[in-house]
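Asker: Residues per chain, in single letters:
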Amino acid sequence: MIKVMFFGPVAERVGANALQVEFRKGMRLDDLHQQMKGLYPAAFEIVCFTAVNGEHVRDVQSPVADNSEVVFMSKFSGG
Amino acid sequence: MARHQIEGHTAKAAVRIQQEDFSQDEEIRALRSSSTRMGGIATFIGCARDFSEGRSVSKISFDAYGSMVEAEMKKLHAEAIAKFNLLDARIVHRIGVVDAGEQIVFIAAGAEHRAPALQACQWLIDELKQRVPIWKKEITPEGEAWVTSHP
Chain A
1 MIKVMFFGPV AERVGANALQ VEFRKGMRLD DLHQQMKGLY PAAFEIVCFT AVNGEHVRDV
61 QSPVADNSEV VFMSKFSGG
Chain B
1 MARHQIEGHT AKAAVRIQQE DFSQDEEIRA LRSSSTRMGG IATFIGCARD FSEGRSVSKI
61 SFDAYGSMVE AEMKKLHAEA IAKFNLLDAR IVHRIGVVDA GEQIVFIAAG AEHRAPALQA
121 CQWLIDELKQ RVPIWKKEIT PEGEAWVTSH P
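Line by line, the protein sequences give chains A and B. Residues in the first sequence are numbered from 1 upward in steps of one, following this note's numbering. Residues in the second sequence are numbered from 1 upward in steps of one, following this note's numbering.
Derived by calculation from the structure, the hints in this document are not laboratory data. Where is the CB? At the ideal position from N, CA and C, for every residue including glycine. Check each hint, because a few of them may be wrong.
[Said to hold, decoys possible] Counterexamples of contact, computed for chain B against chain A with all Cβ distances above 12 angstroms:
#1 27
#2 29
#3 112
#4 113
#5 118
[What the hints assert, rightly or not] A few chain B residues facing chain A, derived, Cβ under 10 angstroms:
#6 65
#7 67
#8 71
#9 97
#10 104
#11 105
#12 132
#13 147
Same shape as in the complex, but just chain A:
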């Protein structure tokens, strides 16, 4: 399973902080992004960063390993 997490404005638009998504062999970050975007289009209008296991990942073609923690994030507003 993949643990997908959301924070702040994205979590509000999804209506959840975390979801479990079934892992599929050969899965890439973009596959997961497209799947989530299809389910939560309003939330993904503001998604602009992705983290996998706590690290920024910019290459959407990166493979996603089973049991990963993936976070789709909007622009940060800390500080």
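On the provided structure of chain A, position chain B as indicated by the hints.
Answerer: Frame of chain A, contents of chain B only:
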């Protein structure tokens, strides 16, 4: 709150997030205790404004991807020390609910001379805003709204 031991005393970590307010005196004292070669210390304090985009703001609520916040802030701390040849630095960010007028974030950079301290302080707050996964929600008398851009 993250703590570690320094010379037998319990000291607050140089890089951390916490709900409670912080004391800049305490942070500067901790920074200065790291080296007597420090000739310049630059600090930045970010506060919660009571007015934003034409409406009054009574509180700000912060959400954070906690484990990544701490990891990114530690990377920023190490990068700033290397890039500006700092003797040490402190980064403290509050999460949870902060009232208008209260402190949100504290940055301090200590170096042998003023120029790298001042430059590092600005670099740290600018990079923090770009790289650290924290989101603010402004709570106003009319309702609540997540801030999705920051000038």
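Asker: Hint by hint, which ones does the structure fall short of?
Answerer: 9
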